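Trainee: So you can see what is in the structure, the chains are spelled out below.
Protein chains: 4
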Amino acid sequence: MPTPCPTAILLVSCPDQRGIVAALAGFITAQHGNILALDQYVDAQDAVFFARMEWELEGFAFPLEEFPARFVAVADAFDITWTLHRSDKRRRMAIMVSKQAHCLYDILAHHESGEWPADIVQVISNHEDHRHLAERHGLPFAYIPVTPDTKATAEAQQIELLQKAGTDVVVLARYMQILSPAFVQAFPTKIINIHHSFLPAFAGGRPYHAAHERGVKIIGATAHYVTAELDEGPIIEQDVIRVSHRQGVDDLVRLGRDLEKVVLSRAIYWHLHHRLLVYKNRTVVFA
Amino acid sequence: MPTPCPTAILLVSCPDQRGIVAALAGFITAQHGNILALDQYVDAQDAVFFARMEWELEGFAFPLEEFPARFVAVADAFDITWTLHRSDKRRRMAIMVSKQAHCLYDILAHHESGEWPADIVQVISNHEDHRHLAERHGLPFAYIPVTPDTKATAEAQQIELLQKAGTDVVVLARYMQILSPAFVQAFPTKIINIHHSFLPAFAGGRPYHAAHERGVKIIGATAHYVTAELDEGPIIEQDVIRVSHRQGVDDLVRLGRDLEKVVLSRAIYWHLHHRLLVYKNRTVVFA
Amino acid sequence: MPTPCPTAILLVSCPDQRGIVAALAGFITAQHGNILALDQYVDAQDAVFFARMEWELEGFAFPLEEFPARFVAVADAFDITWTLHRSDKRRRMAIMVSKQAHCLYDILAHHESGEWPADIVQVISNHEDHRHLAERHGLPFAYIPVTPDTKATAEAQQIELLQKAGTDVVVLARYMQILSPAFVQAFPTKIINIHHSFLPAFAGGRPYHAAHERGVKIIGATAHYVTAELDEGPIIEQDVIRVSHRQGVDDLVRLGRDLEKVVLSRAIYWHLHHRLLVYKNRTVVFA
Amino acid sequence: MPTPCPTAILLVSCPDQRGIVAALAGFITAQHGNILALDQYVDAQDAVFFARMEWELEGFAFPLEEFPARFVAVADAFDITWTLHRSDKRRRMAIMVSKQAHCLYDILAHHESGEWPADIVQVISNHEDHRHLAERHGLPFAYIPVTPDTKATAEAQQIELLQKAGTDVVVLARYMQILSPAFVQAFPTKIINIHHSFLPAFAGGRPYHAAHERGVKIIGATAHYVTAELDEGPIIEQDVIRVSHRQGVDDLVRLGRDLEKVVLSRAIYWHLHHRLLVYKNRTVVFA
Numbered sequence: 031m032p033t034p035c036p037t038a039i040l041l042v043s044c045p046d047q048r049g050i051v052a053a054l055a056g057f058i059t060a061q062h063g064n065i066l067a068l069d070q071y072v073d074a075q076d077a078v079f080f081a082r083m084e085w086e087l088e089g090f091a092f093p094l095e096e097f098p099a100r101f102v103a104v105a106d107a108f109d110i111t112w113t114l115h116r117s118d119k120r121r122r123m124a125i126m127v128s129k130q131a132h133c134l135y136d137i138l139a140h141h142e143s144g145e146w147p148a149d150i151v152q153v154i155s156n157h158e159d160h161r162h163l164a165e166r167h168g169l170p171f172a173y174i175p176v177t178p179d180t181k182a183t184a185e186a187q188q189i190e191l192l193q194k195a196g197t198d199v200v201v202l203a204r205y206m207q208i209l210s211p212a213f214v215q216a217f218p219t220k221i222i223n224i225h226h227s228f229l230p231a232f233a234g235g236r237p238y239h240a241a242h243e244r245g246v247k248i249i250g251a252t253a254h255y256v257t258a259e260l261d262e263g264p265i266i267e268q269d270v271i272r273v274s275h276r277q278g279v280d281d282l283v284r285l286g287r288d289l290e291k292v293v294l295s296r297a298i299y300w301h302l303h304h305r306l307l308v309y310k311n312r313t314v315v316f317a
Numbered sequence: 031m032p033t034p035c036p037t038a039i040l041l042v043s044c045p046d047q048r049g050i051v052a053a054l055a056g057f058i059t060a061q062h063g064n065i066l067a068l069d070q071y072v073d074a075q076d077a078v079f080f081a082r083m084e085w086e087l088e089g090f091a092f093p094l095e096e097f098p099a100r101f102v103a104v105a106d107a108f109d110i111t112w113t114l115h116r117s118d119k120r121r122r123m124a125i126m127v128s129k130q131a132h133c134l135y136d137i138l139a140h141h142e143s144g145e146w147p148a149d150i151v152q153v154i155s156n157h158e159d160h161r162h163l164a165e166r167h168g169l170p171f172a173y174i175p176v177t178p179d180t181k182a183t184a185e186a187q188q189i190e191l192l193q194k195a196g197t198d199v200v201v202l203a204r205y206m207q208i209l210s211p212a213f214v215q216a217f218p219t220k221i222i223n224i225h226h227s228f229l230p231a232f233a234g235g236r237p238y239h240a241a242h243e244r245g246v247k248i249i250g251a252t253a254h255y256v257t258a259e260l261d262e263g264p265i266i267e268q269d270v271i272r273v274s275h276r277q278g279v280d281d282l283v284r285l286g287r288d289l290e291k292v293v294l295s296r297a298i299y300w301h302l303h304h305r306l307l308v309y310k311n312r313t314v315v316f317a
Numbered sequence: 031m032p033t034p035c036p037t038a039i040l041l042v043s044c045p046d047q048r049g050i051v052a053a054l055a056g057f058i059t060a061q062h063g064n065i066l067a068l069d070q071y072v073d074a075q076d077a078v079f080f081a082r083m084e085w086e087l088e089g090f091a092f093p094l095e096e097f098p099a100r101f102v103a104v105a106d107a108f109d110i111t112w113t114l115h116r117s118d119k120r121r122r123m124a125i126m127v128s129k130q131a132h133c134l135y136d137i138l139a140h141h142e143s144g145e146w147p148a149d150i151v152q153v154i155s156n157h158e159d160h161r162h163l164a165e166r167h168g169l170p171f172a173y174i175p176v177t178p179d180t181k182a183t184a185e186a187q188q189i190e191l192l193q194k195a196g197t198d199v200v201v202l203a204r205y206m207q208i209l210s211p212a213f214v215q216a217f218p219t220k221i222i223n224i225h226h227s228f229l230p231a232f233a234g235g236r237p238y239h240a241a242h243e244r245g246v247k248i249i250g251a252t253a254h255y256v257t258a259e260l261d262e263g264p265i266i267e268q269d270v271i272r273v274s275h276r277q278g279v280d281d282l283v284r285l286g287r288d289l290e291k292v293v294l295s296r297a298i299y300w301h302l303h304h305r306l307l308v309y310k311n312r313t314v315v316f317a
Numbered sequence: 031m032p033t034p035c036p037t038a039i040l041l042v043s044c045p046d047q048r049g050i051v052a053a054l055a056g057f058i059t060a061q062h063g064n065i066l067a068l069d070q071y072v073d074a075q076d077a078v079f080f081a082r083m084e085w086e087l088e089g090f091a092f093p094l095e096e097f098p099a100r101f102v103a104v105a106d107a108f109d110i111t112w113t114l115h116r117s118d119k120r121r122r123m124a125i126m127v128s129k130q131a132h133c134l135y136d137i138l139a140h141h142e143s144g145e146w147p148a149d150i151v152q153v154i155s156n157h158e159d160h161r162h163l164a165e166r167h168g169l170p171f172a173y174i175p176v177t178p179d180t181k182a183t184a185e186a187q188q189i190e191l192l193q194k195a196g197t198d199v200v201v202l203a204r205y206m207q208i209l210s211p212a213f214v215q216a217f218p219t220k221i222i223n224i225h226h227s228f229l230p231a232f233a234g235g236r237p238y239h240a241a242h243e244r245g246v247k248i249i250g251a252t253a254h255y256v257t258a259e260l261d262e263g264p265i266i267e268q269d270v271i272r273v274s275h276r277q278g279v280d281d282l283v284r285l286g287r288d289l290e291k292v293v294l295s296r297a298i299y300w301h302l303h304h305r306l307l308v309y310k311n312r313t314v315v316f317a
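Chains as they are written, first to last, in the numbering used here: chain A, 31 to 317; chain B, 31 to 317; chain C, 31 to 317; chain D, 31 to 317.
Simulated from the structure, these hints should not be mistaken for lab results. Note that the structure is a prediction, hence the values are computed from the model and not measured. Mixed in with the good hints, there may be bad ones.
A pair holds if it fits inside one copy or across any two, identical chains being indistinguishable in the list.
Below 16 angstroms or equal to it, Euclidean Cα-Cα: the simulated EDC-like pairs (lysine to aspartate or glutamate) are [what the hints assert, rightly or not]: (1) 310 x 179; (2) 181 x 149; (3) 310 x 118; (4) 129 x 145; (5) 310 x 259; (6) 119 x 145; (7) 129 x 158.
With the rest of the complex left out, here is chain A (with noise of 0.2 angstroms):
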C-alpha cells in the first residue's frame, strides 16, 4: 500500500447563504488545489451550513501557515467558522482506564495495526491491574488512584500528565470516574466516552442492570464527546445488538463488551481523521 498523498482537510460551518459552495470549492480550486471530496450538510431548520473539503497539498499553491491570512477574505464574506487540519500530522492519544480492559485491548490492537493517524502517549489508571498490560505494549502506565476525598488532587495530577505528553484527544476507555466540569473544560471536545447503553436509555451506572430490568429486547452503545453533563454530551457513534428474556444481566454484560468496543473504535477513527463537526449538541458526521 502506497502512503497517500498528504492532504489539507478544512471543516466549515456557516449561516446557509447562496453561493457558499461556490466559494468554498472556487477559492481552493484558484489555489491549484484538487479537491479529494466536500462534503456539504444543511439543517435546514436552522438555515446553518456545514462542510468538509479536502485537497492534496501537492501542487497547492501556498503553504497551510498561510491560510488563515489567504481565507480570511473568504470567511468574513460568508461569516465561517473553520478548523484545518494536515492528514500527515499524527495526533497525541491519551487512554483512561478502570478495571475492564476490553476496550483498552481493543484500542491497542488498532493502535498496532497502525490503522490510526496517533501515538498512544500515555494510560492513566485509577487501578493498577492494567499496567502489565500497558507496559508490555511499550506505553507509559500511571497509576492515579481517585477517592471522593482525593478527586480534585487526582484530576490535577491527571491534567498535568496529559498537557505535558501534548495530548490532543483522550478516550475513555471504560473509565468508571465522573470528570469534573474542570477537566472537561481542560479538553473542549476533545475527550470521547464510551457509555454502555444506547443513549438516552440508561444513561448513568449499571444500565445492564436497568436494561435487563426493564426487559429491553436490543442492548447498545454510544460513543459520545464528553460534556460538563454527565451521559449528555454529543453523539458520535451508537450500535446496538439483538437480546431476549434468555439473557440473564451477565449476558448483556459480555454481550455489551463487543459492542462497546467496536462502537469505541468507530468513534476515534472518525475523530482521528477530522470527519466530526459539533453543533448545538450534536455530532456531524462526514463518515
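Chain A is already provided as a structure; the job is to place chains B, C and D on it using the hints.
Mentor: Same frame as chain A, now just chains B, C and D:
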C-alpha cells in the same frame, strides 16, 4: 400447504424446582400427547420456571375440556400457574387507529394473507379518515371522537363495542389517545401498542422530535402490552434503523413508519400464537 | 405541511478532474440558483466523478427548458454526462405482480400516503388473484397470463400497455416471470425488482429453500435494477434479518416478506427522488 | 462473582418420537439431577430430535464416569446419539494465524478476561510477524512456513504439534492457508474458521474485492466449522454491517475486521460452552 394438525399449547410458570420438566413432559406423554415443542426458561435470579409446551391433539387421551380437572394434581404439586390454548381457535382482534394509516394497512395485508389465526371484528378511530379503507376491506368501522370532555363517554362506548364484538385482543395501530386505567383493566394483557421510539428512550409524545434533538444515530420502535402507566408496559418486540445527521424530523417519521409496522406485526404474530408470557413487567418470548 | 418549493435536480458523472465541483457550483450560483444540496463522490480507482446537485427553481435565472443550451459549455469542458429532473413532476409507475401480494399491499399504502411523487398508472399480473385488491384502490388492472408458448405475445402486450400508459418506472413486486432482454431494453434502468435473498447469494429460484439448506444465520432481500442477466443488475438496496435453526422454510418465507416489502419501498423512494446513479453495474445512492 | 456450581451437559440427537423429552428429563430427575436448562428442537422436515440438557453435578446420583453404562437403556430405546461434557473441564485451544492480527488480538483479550473455559496451548503461524505478540502474552509460538512444495510436511508438523499439546479445538484466526482434507480429518468438528464474507456469497479468495465489484450494500463475516470443502462447512454464526458506494475495498477490509473478530469470538464462546450440534452440514445453536 396442508392444514397442520391442531395442537394444544400450555403456558406455564411456577417456582423453579427439581423435576418440573420431567413432570410436565411426563404428564403429556402419559396421556399419549405427541410433544412438538417444549421451550423452557428459568429466571435464575428469582428462581422462576417458565415453559411453553405444544402437543398434537390427535391421539391425546382426553378432550381439552377435561384438562383442568386432569392436570390439577401436577399443577398443585408444583404450584403452577397456567393457561391452555388451542391452535385451531381463531382470535377476535380489534384495531384502534387515528390519522396515520401505515400500521393499519400493514395489518390488513397480514390479515388478508391468512397468516394470522384471527378475525378483525372491529376498527375504531377517533377520526373519520380511514373509514373508507376499513370498509373497502369489509371491516366494521366505528368513528368515536374523543375530546378531553368526552373521553370517559367515548371510552365507555369503545369498551361496549369491543365487548359486544367478543374482542380478545386490541391492537393500537398508532392510536394517539391515552387509554384510561379503567379501559386498560377491561382488557388485561390484551392490548398491544406500538410506540414510535426505542423505549425507554423518548417515551411520551413527539419521540422523533426528541430523537432528532438529542442527535441519536439509531432510531427504534417498540411494541408493548399496555398497562396503566404510559409507555411503561412489558416490551414485546423492538427494532431499530440507522440514521444520520442528514435525516431531519420528517425523515425520521418516514423511516420510522416502516419500522413501526414491522415491529407491531411481529408482536401480533407472537401474541396470536401464544408465544408470550408476562412476568414482572417483562415478556418471555418463546419465538 | 407546506408544499416545499419546487427544485431542479442535476445528476452528473464525468472523468474526475480539478475544478469540477467549483465549476458546477459556480454555474448554478451565477444563475441565481440557491443550492440546497451538493453531494459528490469520486471513485478513486477509476477516477470518475459523480454528483447530485439540487437547487430551488424560484429565482433561478432561466426556465429549465433552456438548461441544455446554457449548460453545454460546462458539460463539454468537463466531458459531463448528465440528466436533469424537476421535483414537481410526478412519475408514472406501473406494478407487475404474481400471486404474492405483500409488496403490492405495501406499495399501495406508500402510494396512498402521498409520500411518493408518483401515480400508479397500471397494475399487471399473470394471475387474476389481485384484481379485486387493485380495483378496490381504483387502479387499472390487466390480467395477462404467461406460458412458455405465449411469453413473447404476452410481453408485447405488456410493453404496449405500459407504453400507452406513459410508464416511466416499472416495479416488479414479486413478479415471478423472467423478463426477456427485449422487455428490459424497452425500459432501461427503469425496472426495479425485489429478489428474496441477499444477492449474490441464492440468485435464481427458491432462495429461501436454498438458504435453509445452507444453514445461514441471516437472510436478506435485495432491490435492484433489472438487466438482461437474471438477478445480476445493479443493487439499489439490501437488508437482512437474523434467523436460527428453529426457522423452517415457511418461517423464512414469512419473515422474508416483511424484509422484501421494506427494501423494495426504500429503493422506489430513492429512484423517485432521483437519488440513484448507475455505474459499472453498481449504484451510487445519494441517500 | 462466585464460581458457579459445576454442571453436566448432554447433547443429544435421535429420530423424533413420542416420549423422548419425558424420557430424558425423567432419567436425570430420577437420578436427583437438578435440570438447569433443557433446550430441544425438532427438525420437522426430517423428523429428527435435538436437545441440550444441563444439570447440576452436586447431588447427582452417580459420578459421570458411570453415565454411559447407566444411560444405555434410554439411549438404546430411543436410538440416541449423544455426547457428555462437564462445565468445569477447561478446553485446550490452538490458534493458527497469518499476517492479519486483529482476530488474534481479540482472542487474547477474551482469553485473558477469563470468560472462556479454555487455555491457549499453542499459536502456529506461517509467518514470524506475530511471534512477539504471542510471546508477550506468554503463549508458545511456532513458526511453520508453508509453500506449495512443503505443504504436506508443514501440515504433518502442525498436526504433531497440535496433538502433542492435547489440542481439542483449533481456531483459524485469519489463517490464509487452505487445510488439506487429511488435516481436517485429524480434528473433526474441532476446527473453527472465520471467513471474511457473508457466505455463501463470496466464498474463496479476496471476498472484499468481489463484494465491492458486485456493489453490495451490506458486507458480512461467517464463522464455520471447517470441512474438506473450502468455505462449505456448517455455519456457526454470521453478522453484517451496512456499507455504501463511498466505501472502497480498503474501507471494506477495515470495517470487516471488526465484524470478523466479533463473529469469531461468538462462535468460539458457543463451541466452548457446548452449545453447538452439527446436522446435515448445518448447526443447531442452543444459544
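Trainee: Take the hints in turn and mark each one as holding or not.
Mentor: Status of the hints after comparison with the structure:
1. 310 x 179: This pair counts as neither: shortest intra-copy Cα distance 34 angstroms, inter-copy 40 angstroms.
2. 181 x 149: neither (27 angstroms within a copy, 39 angstroms between copies)
3. 310 x 118: neither (30 angstroms within a copy, 33 angstroms between copies)
4. 129 x 145: between (26 angstroms within a copy, 15 angstroms between copies)
5. 310 x 259: within (14 angstroms within a copy, 32 angstroms between copies)
6. 119 x 145: within (14 angstroms within a copy, 39 angstroms between copies)
7. 129 x 158: within (9 angstroms within a copy, 32 angstroms between copies)
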